[in-house]
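Participant: The residues making up each chain are set out below.
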Amino acid sequence: MIMENTKSNRKPYWFFSRYPIDGLVEFFKRKAVPIHRHTIWYYLGGTTLFLFAIQAVTGILLLLYYRPTEEAAFASVQFIMTKVRFGWLIRSVHSWSANLMVLSCFIHMFSTFLLKAYRSPREFSWITGSLLLFITLAFGFSGYLLPWNEISYFGTRVATESIASIPVIGHYLLVFFRGGEDVSGATLTRFFGFHVAVLPLLLTMLLIVHLLMVQVQGMSVPPSVESQPGPRPKTSPFFPNFILKDALGWLITLGLLAMLAALYPWELGVKADPFAPAPAGIKPEWYFLFLFQTLKYIPATIFSLSGEMIAVMTFSVVGILWALVPFIDRRANRGLKSPVFTIIGIGAIAYIVIMTIVACMASKQ
Amino acid sequence: MMKLNRIWVFVVLSVSIFGSSVYGEDSCVQCHKTLDGALSSPVNELANDIHAQRGLSCASCHGGDPVAGLNGDAQAAMNTKKGYLGVPATKDIPKFCARCHSDETYMRKYRPNIATDQLAQYQTSQHGKLLGKGDKKVATCVSCHRAHGIRSAKDPLSAVYPTNIPKTCGRCHSDSKYMEEYKIPVDQFNKYRQSVHGIALLEKGSRSAPACNNCHGNHGAFPPEVSSISQVCGVCHLHNLELFSKSPHSRAFKQMGLPECESCHGNHEIKKTDDAMLGTESKSNCVGCHDQDSPGYKVAAAMKKIILQLRTTIEQANTLLAQAERAGVEIGDTKFVINDAYNDLVKSRSIVHSFSTAEVEKTTSQGLKLAEQALKEGKEALKEVQARRRWLVMVMVIVFAAATLLYLKIREIEKKGQA
Amino acid sequence: MQEIPRRKFLNIMLGGVLGTVASAVLYSIVKFILPPEIPQAVLSNVVAGKVGDLQPNSGKIFKFGNKPGILIMTPSGTYKAFSAICTHLDCTVQYRSDFQHIWCACHNGRFDLNGKNIAGPPPSPLEEYNVAVVKEEIIVSKKA
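Residue numbers (the numbering used here), protein chains in the order written: chain U, 1 to 365; chain L, 366 to 784; chain W, 785 to 928.
These are computed hints drawn from the structure, not numbers from a lab.
Mixed in with the good hints, there may be bad ones.
Claimed, not checked - 20 angstroms max Cα-Cα, derived EDC-like pairs, lysine to aspartate or glutamate:
(1) K815/W to E749/L
(2) K927/W to E71/U
(3) K851/W to E749/L
(4) K83/U to E777/L
(5) K851/W to E680/L
(6) K847/W to E742/L
(7) K700/L to D837/W
(8) K569/L to E821/W
(9) K851/W to E742/L
(10) K792/W to E690/L
(11) K748/L to D246/U
(12) K83/U to E690/L
(13) K844/W to D698/L
(14) K31/U to E779/L
(15) K847/W to E695/L
(16) K271/U to E695/L
(17) K844/W to D705/L
(18) K851/W to E267/U
(19) K792/W to D640/L
(20) K636/L to D896/W
(21) K847/W to D705/L
(22) K271/U to E690/L
(23) K847/W to E779/L
(24) K83/U to E742/L
(25) K926/W to D246/U
(26) K851/W to E695/L
(27) K815/W to D705/L
(28) K780/L to D246/U
Put together the whole structure using the sequences plus the hints.
Facilitator: Set out below in structure tokens:
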């Protein structure tokens, strides 16, 4: 039904006469966010989204000058850093924002985990979210190689080696990811294709589903709040209150990014030389350090099976189980407090943090 | 017609078979092939021998009549009446080879531009002189070139190919027992191997580096005399020779009988030059002769000072530039300036051989101007880094102002919502 | 009602400051998109000079990216180009018309008109570049 275009309505007639989406507009006007002591965690999804938007914009800008070949990749990044106006800013922002996005994604995941947001009816939000986390890590891993510098070349070589330890399909996976037996220009081109086409497409599709489900189902209220006696928690309208607070968070994040890019510009290092010996202390990016450090503690063989293979398989199984947690945590599904899983969550966070710190300190020695 | 064809085939075949038995393997080879040890090894080496490849035979050097020996009659073949010489005595070897190699008309047939003065040169050499006095231990033609299986000097497998020469000379000259009676050092090869020239020739395969023969001569091998050492080094290092011969050191060294370039650089163990060789510190070459108050001491100190100044300025500029580049500032043009400054540093180290502070200063002052320019540009590049940070601080202030205002706006909306 | 002017003021301030932030972001993005003077990273070719810059039996130094190159016109009138970095100790070489070949001032190294090291300490030849004359410009490019 076309509303009368009076001043108080303030709806542009020319638009709504063509696209009768009044129902949708009303839905968004009514959209509300529950207010309680855990509301602060609701901002993290939007922060991750904002950081992804920054990545997309800075990534497209870098794409105007970057060259994905063995001969020119390093020189093109150096060119961006030194000759293109504000190139140093765009590139440093892209590198810093990537790391912040991974951090934000992990915090978002762990906060929803501890707040049991994965419980019914939001199981598929959790599953799409898990996939989004893996894709984000894949973005980080593929993007890391693109400057083709010494640390990224050798880091990629070490990281892709461990893929080969997966039984049966390990070697095929290795060749698939590397574009051959060794890390070479073919790997660079392949990673570039993943990083700018395949992963963005996958992420966008999953993100649309993930966001759509959030819109339709609304925000989850943790069982600890829901089980409190008394009236249901207050709500605050999404437009304009919550979105403005979101915007505030994004503004502060933007400022933080600019500061990091200016005070701690991202290093470029030296160009990769595949024939040079690997420099000492090669380690992957910080968000893979806990896996890397765990591998160091696994003995070479366990019951005459390769220790590395056992470790990689264990990580994979844990990852799959983590994605399937909505179907494992029966108590939360029934709306009950589920302390076992809270402890598991805290334990996982502690493990990751401690392993990361240990790995950092070990390499500093 | 068919019969004629078959006859022709028979004739051609038999001629070629008969021919090959005469002109292929001669009787010397056929017989010695069947013997043992030293009597058959020359045959094995024939395939690599340049003389055999050019169509010469055993008899060409050793004489005799191989045709007479075709039916296996060794005595008939090795007949002194037919010119058989056998194995020449050590003292006769040079003349043995020189029968052909000193005959210009004969050698012209095989290679028009080949040298034919080897014997004459050899007779002036230390080896030749000692051989004439009856010493059988010294090198003769076959010591370096081998007796059989002689390869061209241009063949990389030849014992006299440049990269193999040091080892060949070293076979005797590094053998302390063999060289005991001659009372000369036996460490030349070892020293050479560690020198710039040795590493260049033996490890990097650089053909422009000198082997033993470049400085000592091939056949007229003799240590260069004290007064001509700079001329020998000057074959490649011409600029340094020119500077040195005009410098006060040239006359002084001659008067004192000092071995010119060798006095500071050594002869076989010539190491990569270092700025530490110049100046007045205890390790330098200069203080070995010059006392503290001598004019030479002052010159050494002065030259060292200006060269060091240029070097440190270049290093400082390089450090700044590296910092700026890491921070993302463009410094390509400044790299050119530094490159020219570095060129001047390299040149001025060479000009040290004039032993004149004024001469060295001409180049160092030019280089210093460039290095200082690069340093200035490096500092400006770092200022650019600072400027960027200041701009960002300003942006930060605006962003945080925006955040504060937004916060106030939110509070206002919340209040309105509650009202 | 004092509220309304203050609210309007807040709105204007907020809009203004956010606008400044947005324009700062937009400014840097627009500047980034406009190509810089040297349009690409790995220089595969440069303009070393113009026809008429050189006479037969002369040479000049030009910039190939960050490194010096030497362009010569041989006595017979052909253009040749090489890296000007001496293979001995990296000094910049020059063309000597009195020698009719390339010379290095640092230690008297010499290179013939094909870049081959013919005298003095240099251990290897100068890297040769391709030369093409397009309209009035002399374009030097690296060999494949």
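Participant: Now look at each hint and say whether the structure bears it out.
Facilitator: Outcome of the hint check:
1. K815/W to E749/L: holds (17 angstroms)
2. K927/W to E71/U: holds (14 angstroms)
3. K851/W to E749/L: violated (24 angstroms)
4. K83/U to E777/L: violated (46 angstroms)
5. K851/W to E680/L: holds (19 angstroms)
6. K847/W to E742/L: holds (19 angstroms)
7. K700/L to D837/W: Not satisfied, since the Cα-Cα distance of roughly 25 angstroms exceeds 20 angstroms.
8. K569/L to E821/W: It is violated: about 41 angstroms lies between the C-alpha atoms, which goes past 20 angstroms.
9. K851/W to E742/L: The hint holds at about 18 angstroms.
10. K792/W to E690/L: violated (48 angstroms)
11. K748/L to D246/U: violated (37 angstroms)
12. K83/U to E690/L: holds (11 angstroms)
13. K844/W to D698/L: It holds: about 18 angstroms lies between the C-alpha atoms, which stays within 20 angstroms.
14. K31/U to E779/L: holds (16 angstroms)
15. K847/W to E695/L: The given pair, whose Cα atoms are some 16 angstroms apart, holds under the 20 angstroms limit.
16. K271/U to E695/L: Measuring from Cα to Cα gives roughly 17 angstroms; hence the hint holds.
17. K844/W to D705/L: holds (15 angstroms)
18. K851/W to E267/U: Violated: K851/W and E267/U sit about 24 angstroms apart, past 20 angstroms.
19. K792/W to D640/L: violated (74 angstroms)
20. K636/L to D896/W: At roughly 29 angstroms apart (the allowed maximum being 20 angstroms), D896/W and K636/L break the hint.
21. K847/W to D705/L: Distance of about 13 angstroms is within 20 angstroms: holds.
22. K271/U to E690/L: With a Cα-Cα distance of about 14 angstroms, the restraint between K271/U and E690/L holds, given a limit of 20 angstroms.
23. K847/W to E779/L: violated (64 angstroms)
24. K83/U to E742/L: Within the cut-off at roughly 16 angstroms; holds.
25. K926/W to D246/U: violated (53 angstroms)
26. K851/W to E695/L: holds (15 angstroms)
27. K815/W to D705/L: Not satisfied, since the Cα-Cα distance of roughly 34 angstroms exceeds 20 angstroms.
28. K780/L to D246/U: Answer holds: K780/L to D246/U is near 18 angstroms, not above 20 angstroms.
Going down the numbered hints, you'll see the structure goes against 3, 4, 7, 8, 10, 11, 18, 19, 20, 23, 25 and 27, while the others check out.
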